[in-house]
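Novice: Listed in order, the protein sequences are those of chains L and W.
Just so you know, the first sequence maps onto residues 1 to 1030 in our numbering.
Just so you know, the second sequence maps onto residues 1 to 370 in our numbering.
For the record, the hints were derived by calculation from the structure and aren't laboratory data.
Treat the hints with care, since some could be wrong.
[As the list claims (entries may be wrong)] Below, a sample of chain L positions facing chain W; criterion: calculated Cβ distance under 7 Å:
#1 Thr254
#2 Thr341
#3 Asp448
#4 Arg458
[What the hints assert, rightly or not] If we take Cβ atoms under 10 Å as the criterion, some of the chain W residues that face chain L in the derived model are:
#5 Asn133
#6 Asp209
#7 Thr289
For every residue, glycine included, the Cβ atom is placed at its ideal position computed from N, Cα and C.
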Amino acid sequence: MASQERRKVLVIGSGPVKIGEAAEFDYSASQALKALREEGYESIVLNSNVATVQTSHEMADKVYLLPVTAYFVEKVIQKERPWGILIGFGGQSALNIGVELSKNGTFSKYDVNVLGTAISGIEAALSRDIFRETMKQHGIPIPRSASARSRDVAMKAAESIGYPVMMRVSFNLGGRGSAVLWSEKELDAEIGRAFAQSAVGEILLEKYLFGWKEIEYEVVRDHIGNCAVTACIENLDPMGVHTGDSVSVTPAQTLDNYEFQQMRSTAIRVAEAIGLVGECNVQFALSPDSYEFYVIETNPRMSRSSALASKATGYPLAYVSAKLALKHRLYDIKNNVSKSTTAFFEPSLDYITIKMPKWNMSKFDFVSNSIGTEMKSIGEIMSIGRNFEEAMQKAVRMLDINGEDGLVGGSVYTSALKRPEIEAALKGKRPYWFLYAAKAFRDGMSIDEVYSLTQIDRFFLKKVKALVDAYEARAPDGDERYLKLKAQGFSDRQLGSESRRSITIKQIDTLAGEWPAATNYLYTTGVGGEDDIGTKTGKRKLLVLGAGVFRIGVSVEFDYGAVALARSAKKYFDEVSILNCNPETVSTDWDRVDKLYFDELTEETITNIHAKEGFESVATFTGGQIGNNLSVALEKRGMKLFGTAAKSIDSAENRDSFSKLLERLNIRQADWTSAASYSDIKAFIERFGFPVIIRPSYVISGSAMKIANNMDELESYLKAATRLSRKHPSVISSFIGEGIETELDCASDGKSVIGVPLCHIEEAGVHSGDATMMTPYLDGDSSSRMKEIALVLANELSIKGPFNIQFIVKNNEALVIELNLRASRSMPFSSKATGISLMDHAVSGIMGRFEWNGFREPEHGAFAVKSSQFSWGQLKGAYPFLGPEMRSTGESASFGKTLGSALVKSWLGAQPNAIPKKAALVYGNTDRGILKEAADALARNISVYTLDSAPMHNHHTVDADKALRLMDSRGIDMVVTNSDLRGIDYHIRRRAVDMNIPLVLNARLGRALAESMFDSEMDCLEMREYWTGK
Amino acid sequence: MGESAAYIYLEDGTVLRGEPFGSASVKTGELIFTTAMNGYPESLSDPSYKGQVMIMTHPLIGNYGVPEKMLQHGILHNFESESMQVEGLIISELTQSSKWNGRLNLSDWLSSEGIPGIQGIDTRMLTKKVRDNGVMRCVISTTGEISDPAGTMGGDYNAINFVELASPKEPIIHNSGKGNIVVVDCGVKHGILRSLSGMGYNVVRVPYDYSADKISSFGPAGVVYSNGPGNPNLLAKTAESLRELSEYRIPIMGICLGHQMAGLAFGGRVRKMKFGHRAVNKAVVDTITKKAYITTHNHGFAMTREDVPGEGRIWFMSPDDDVVEGVIYEKSNAITTQFHPEARPGTNDAGFIFGMFGNMIKKDRGSRYG
């Protein structure tokens, strides 16, 4: 490459985080960008997900914050004329676009080389039909199956295969639309939705292999056909549970050499059959009582499991895959962990990793609370231990489920659940089966009984039972007994014991100790006696806490923060370590920091690591909800927080003390009262009336935050809030309905502040994480008051580092809602919108003084808008609506020369949004004037229907049945409504999300879109071009 | 622990305590490790491990139990020999099996074979010690502490002819086809026998020190020099028979120790490695086709580039170090691999090498009888 002109390569990202397509693709595309840079290519990334690490100039030479759609990819190709394109690093979204642009001739028109696996191979993998044929041709065993493109064909096929059948959907992700169907009637009910979920209208029906085990292999293959199988992941959940929702263990634990190798060889044959160049995973179904197995599917791209496999083994699949796409041979690529061996090997693990999914079901109303073929989990963690029990207990703690300090002894374990309820939970596949399994064993159920309910391999059930037995016989007195319990992963809190021993630090080296490792990829264990690394060095050390498991409200944006922080802090420290346990993240890329601790974000573990390392400071402000909750405890344990002191964090997070502080500083807020005593609440209501908003302390994403309109609602919401945040009282404030919500994303040195004002399109009452945000915010009076308030609070609380303030602006006056002394969700957006790094400023503010006094707002070269991505479609039955509790799973953003252009592109960046071509359905009972304006604006370009039960005048009225029929036939291709109307439109909203019809849940957003959607210029500039206002 | 304890004593004075399983006994051997994550029934019954105490680096061992022996023509499908070959087993945790074809728990198998096992050891620490210091002698005791570990360890392992112990005293014939392939059995793995019988020949195993004449008396279509334990430099007779047979251009295949025997027979040099290759995840690159394979390795001796005798053409190399993993002796009609094409445990990637050997035999027969 060196002698040639720099070739351009375009990398397509995966867009906003949604269920089934999350931060793992930030990790994979970032790795690809790293490989491109090493090889001397000019890298260009297209992705609307503003919160990612990949959409920054540290990673890519050029960044296009645009929707991940064929239209915009073509625009960028037109402008940049890249030599090559990588479509395997942005999930299913990027892959589908690659296939589309190849088929419609765009790539050949612009002479773009598809790097890596050829499109024909990708199609052979993605089309259920071609896949089946390809496997048959190569003599690879697949279950009895048939593909179908119509209802009739499908029903007949199912009949001949025989029920139960597994229905799968071509060209999609997260298993959307798929199901296990036990009868003709069930198939008939589900099939319409399945067809709607396929990008090509194709489904597959196959024999459902009830009770079979599910195994995944990760294969890399170079362009001359060299293959290595770098990981084998064993799912604990049997076939029928989406692999993203399964608990899994790496390496596989129950396979003998024969079956392991048979499936491995078959995986290689699958890779050969599709002409893989790069990486793919191959999923198998394995009989629980014979050597029989089938290939189920393959994904010829980076995937959730490839990210997991990379972290589980230390083998960087995405990086290697990118190099393979650039025609390197496997053995010419270096093993970056050992630095002395090559990438052509298969890692050997001398530890166990367990992946567990995290669900957020309680945030959704009416959602089906059962795990199945459609992925529903919102995040995942990976635990590392020297035995299964340790890894299992760590994993449960990493999930940060309220009240679970490990697999046994927690709230489910000690609950009063009766045997039928336990059985129902296990058989009905409720989330977190392992907690119910432990409960079952405690209550005397046998391994076989639990097996017959769950079909989870008895090997694993025995391990669960071993933990129950150990817990029931626990007696942590005496060193040997204590050590034995610690070796089974019990935490001191779980045992009710004082800590008596620090842990051992072990290294992940990909070769089980056979070669020395040159990388500090570390975990801690209670098993074994010798540290792999020296820790006491007299260096200046910083520990950065990652955000742990993602959940609604804590996602890739916090990872962006942790990565940016680690990078900035490197200037000031000799050694920067990250502690995190989320395999989907860039922050857990061991190449980024001096030391990576892949471990629990708990007080005990951090204290133990600190005892060995002696960190100068510990940064909690990129740790999301977990970091927030740990700050005070860590400071009590003698650790120095990086930036703002815990005392200040407490006075901001504790709603009660914060409201008092605002009063003292004469900063306006909504009328409020502490929810500590019933008489106070009553007096408050008598004085100020309803509606009121209940705000628990120490929560992110507005968990349990509700608007109450009467006393009954208030009482029930208060109960939930108290359960969530026992230690800290909630606050009740008057709900200000008509206000605009604004925010400041800031960094401070304790005196001066730099900050970016943001404004929401949706009115107050919609959680800021669900709202559409824009900047610059151009209202002079209120914005200068906001900045004054930021300065006052920064000085009063000696804020050093990042912070965010939320306001309601009403009648030109700014009232404070809350202050967050941490990296905010919108920080990446604020930074990228203005071309500054708030995190760099935060770090320099912590380490020294800013060069200016007072408040500085960076210049704006363009308009920037951030929109929310919802995953309603994936959450079967959930009622889509907006409120003070956050429910979106991700975000997209775009910049524009006009506000309209930025808004429309940003909105289009979230799936399944698209500009309607036929008709919109507009209806609602609140903000009717605004909805009417939206309807009128839409009517200038397309037809508009309205609903008889909540009509807009002058528009064509239909009843709900007619509306549903129109939606089914795509006669309606957009729905705009407002507030919560579940009494009248549950089915309409559900149908919209099930049929992938864009759904706008807020009148103001609907109006803003309607007014700009049809005539905004879709400018497609590189990020820097917007900053300079070119 | 408490009630009963097991001990490991190393040459360098290290003493480790763990929990015993398997047989209650005291054994000595050379301490080695394998990083294979499964396939313990195959590894433990591999005669190449004769005289060695094995550390398994994967922390959970025993997960799928020990299956019933499956035999065809006297050749085992799921073990590498009729009995356990290691002197002792060191692991982090012994688990209970629950697999459909598990007949015994691992501990019971060790007991029935008289082999001691220790669990609860920081196997990573121990593995790193072996890696950094080279292989060491050790004593493993599951009967409590012993008084004179150094005295128990015995002398120089490099001077002991372990092949003598692993090789049959008389020929063993597996009637599995037509024509004979003779295996010079230095402790052959049944995986090799199975691959050969799968080619449609009878497999005749002869003692390692059989002369070329005696081997020829079976009218072999081809001769295989097998894997085996210990120091190849002690096996002058074996090298001698190989050299003599090669003069008749009878197709010869050498595997592992057999590869080393060919090197020695043709005037090359074989040296002890600081720490051997003992894993199932190792790459070898075909220097001619540039294709690479993931293969099973189990060797403490090796040839590097400059050790290969003049006639030999380097066939496979390890990309990770300078070890020669395969040689073709065109003039002598011999192919040899330092790795194990039969795997077990390990990948099936290099199984094609038996096919190549089969083609050499067919070609040879063609030239002789055609």
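Novice: It remains to establish, for every hint, whether it holds in the given structure.
Specialist: Verification of the hints:
1. Thr254: Holds - the Cβ of Thr254 of chain L comes within 7 Å of chain W, reaching about 6 Å at its closest.
2. Thr341: Where the cut-off is 7 Å and the nearest Cβ of chain W is about 4 Å from Thr341 of chain L, the hint holds.
3. Asp448: Given a least distance of 10 Å, the restraint on Asp448 of chain L is violated.
4. Arg458: holds (4 Å)
5. Asn133: violated (13 Å)
6. Asp209: violated (32 Å)
7. Thr289: Holds, because the Cβ-Cβ distance from Thr289 of chain W to chain L comes to roughly 9 Å (cut-off 10 Å).
The structure is inconsistent with the numbered hints 3, 5, 6, although it conforms to all the rest.
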